Amino acid sequence: MSSTNRTVVVTGIGATTPLGGDSASTWEGLLAGRSGVKPLEGERFADLPVRIAAPAAVDPADVLPRPLARKLDRSAQFALIAAREAWADAGYTAKAGEDESIVPERLGAVIASGIGGVTTLLDQYDVLKEKGVRRVSPHTVPMLMPNGPSANVGLEVNAQAGVHTPVSACASGAEAIGYAVEMIRTGRADVVVAGGTEAAIHPLPIAAFANMMAMSKNNDEPEKASRPYDKARDGFVLGEGAGVVVLESAEHAAARGARVYAEVLGQGLSADSHHIAQPEPTGRGVAAALRNLLDNTDLKPEEVVHLNAHATSTPQGDLAEIKALRKVLGDAMDHIAVSGTKSMTGHLLGGAGGIETVATVLALHHRMAPPTLNVDDLDDEVDADVVRGEARALPEGTIAAINNSFGFGGHNVVLAFRSV
Amino acid sequence: MAATQEEIVAGLAEIVNEIAGIPTEDVQLDKSFTDDLDVDSLSMVEVVVAAEERFDVKIPDDDVKGLKTVGDAADYILKHQA
Chain E
1 MSSTNRTVVV TGIGATTPLG GDSASTWEGL LAGRSGVKPL EGERFADLPV RIAAPAAVDP
61 ADVLPRPLAR KLDRSAQFAL IAAREAWADA GYTAKAGEDE SIVPERLGAV IASGIGGVTT
121 LLDQYDVLKE KGVRRVSPHT VPMLMPNGPS ANVGLEVNAQ AGVHTPVSAC ASGAEAIGYA
181 VEMIRTGRAD VVVAGGTEAA IHPLPIAAFA NMMAMSKNND EPEKASRPYD KARDGFVLGE
241 GAGVVVLESA EHAAARGARV YAEVLGQGLS ADSHHIAQPE PTGRGVAAAL RNLLDNTDLK
301 PEEVVHLNAH ATSTPQGDLA EIKALRKVLG DAMDHIAVSG TKSMTGHLLG GAGGIETVAT
361 VLALHHRMAP PTLNVDDLDD EVDADVVRGE ARALPEGTIA AINNSFGFGG HNVVLAFRSV
Chain X
1 MAATQEEIVA GLAEIVNEIA GIPTEDVQLD KSFTDDLDVD SLSMVEVVVA AEERFDVKIP
61 DDDVKGLKTV GDAADYILKH QA
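Protein chains in written order, with this note's numbering: chain E, 1 to 420; chain X, 1 to 82.
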């Protein structure tokens, strides 16, 4: 059963995002170029310099049964909803071990979050101060631990090959996908449920990010606030939700006759070692990750037709990414349709790699690249073919796509997928 | 005024319904919290804290272990309520 070079494919997709409560409505919103950014109502947000965010379109507590929802942090609720959709979408109808389709010892789960159960931690601190020790929920620790979403998804499908939670800020979701790919490639598992989730729309994280000068303060025009590559971009908009995929060895998928969305070619990783929060301005680390991707996989630059960029709408980060791509991919960049989907979903931090993997795989599957909103005045230094206005059709034949995710701390994760 | 056993069981039923989603009519004296009512050890702490507040009673952690069934809890509250 063990092998070091097995082909990995995507067989299931699930999401709950600012654009919709499942992957179909999310994809529809992405293609239509709909913004999920809204004003933050309520007194607790009133004094903040940033009063906009991209909340989930569907409240997860309304989807899950109440006794279950009250024991899960909101980030775990998102993860569970997206994982259930992906698991069913992959054609699985029971937990591992309950039928013949997969044994628990060959099934893994890797769900990441950048921050973990931050709203649980803060809310329970309020309970401690206002109501006393006795009232602090006994579920607080399993709810706030960053591996909570992964563990709950693992319990849901009965994953026993390994349940993991890589943490690398806004690269966490992508790192989870990459980790899952390696689990299958190296023979540790045949199937892994993988993705990212985040739920951090709360005054404290918003105040903290705003004080770093990382967020857009365009409170008067929420839908215009997230504008990657535009000259007037002034920071990211916080989003929430989860994106999850079912990854599977090609043999396992073929043996059960599963529908395959795309092949996962692999990942390229690197670290900037430049600054704890600033991107390295020349894109050195991103370029290294891209070169590692090309070295580690059989991806050829000329087959890449689509990029789901990290593109958070910060002045420095957007440029460093484009510079690195141009440096490594050269003229091949000219025929890559670049989409900055955070212009619609906001930035889901650790969830970003999850929902953007979903978006990248669906782009290959449907052969459509989503638009980038609000690029009214393209930055002169953005030497790339940014998809603006409407969604764009991608070519026929075998095509490939890249999904970039970078995180505070200098983490760079680049994933590549190919059409089937 | 102290609650009767009937009132205590009705109150526990509402608490268990809120925490574990079990229909109130299924919460009977002979039912085990763990085996019959889907109340695990963590959720049992929630049940106890809610019962303490509702019935004005203190249930020390050491005594919680003895409360296996709804009847055990109802008897305990009946004896110890202020």
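No lab work stands behind these hints: they were computed from the structure.
Please note that a few of the clues may not be correct.
Stated by the list, open to error - FRET-style restraints, in silico, Cβ to Cβ:
#1 E:R135 <-> X:E7: 41 to 51 Å
#2 E:D62 <-> X:D61: 50 to 60 Å
#3 X:D38 <-> E:E41: 42 to 52 Å
What the hints assert, rightly or not - Computed cross-link-like contacts, BS3-like style, restricted to lysine-lysine with a CA-CA straight-line distance of at most 27 Å:
#4 X:K68 <-> X:K79
#5 E:K327 <-> E:K231
#6 E:K131 <-> X:K58
#7 E:K231 <-> E:K217
#8 X:K31 <-> X:K79
#9 X:K65 <-> E:K131
#10 X:K31 <-> E:K129
#11 E:K231 <-> E:K323
#12 E:K323 <-> E:K224
In this text the structure is predicted, and so the values were computed from the model without any measurement.
Quick reminder that beta carbons are idealized off the backbone N, C-alpha and C, glycines included.
Hints, one by one, checked against the model:
At roughly 23 Å, the beta carbons of E:R135 and X:E7 sit outside the given window of 41 to 51 Å. Checking the proposed 50 to 60 Å range against E:D62 and X:D61 shows it is violated: the Cβ atoms sit about 35 Å from each other. The beta-carbon spacing between X:D38 and E:E41, approximately 36 Å, falls outside the hinted interval of 42 to 52 Å. Taking the CA atoms of X:K68 and X:K79, the gap is near 16 Å; set against the 27 Å cutoff, the hint holds.
Of the pairs offered as hints, the one joining E:K327 and E:K231 holds, with about 22 Å between alpha carbons and a cut-off of 27 Å not exceeded. As the CA atoms of E:K131 and X:K58 are separated by approximately 16 Å, the hinted pair is consistent with the 27 Å bound. Taking the CA atoms of E:K231 and E:K217, the gap is about 15 Å. The hint holds against a cut of 27 Å. Proximity of X:K31 to X:K79 is assessed by CA-CA distance (about 20 Å); at most 27 Å being required, the pair is judged to hold.
Restraint check: the Cα-Cα separation between X:K65 and E:K131 comes to about 25 Å, which is no more than 27 Å; the hinted pair holds. Restraint check for X:K31 and E:K129: not satisfied, since their Cα atoms lie roughly 35 Å apart, outside the 27 Å limit. At most 27 Å may separate the alpha-carbon atoms for a hinted pair to count; E:K231 and E:K323 meet this at roughly 16 Å. For the hint linking E:K323 to E:K224, the alpha-carbon distance of about 25 Å falls within 27 Å, and the restraint holds.
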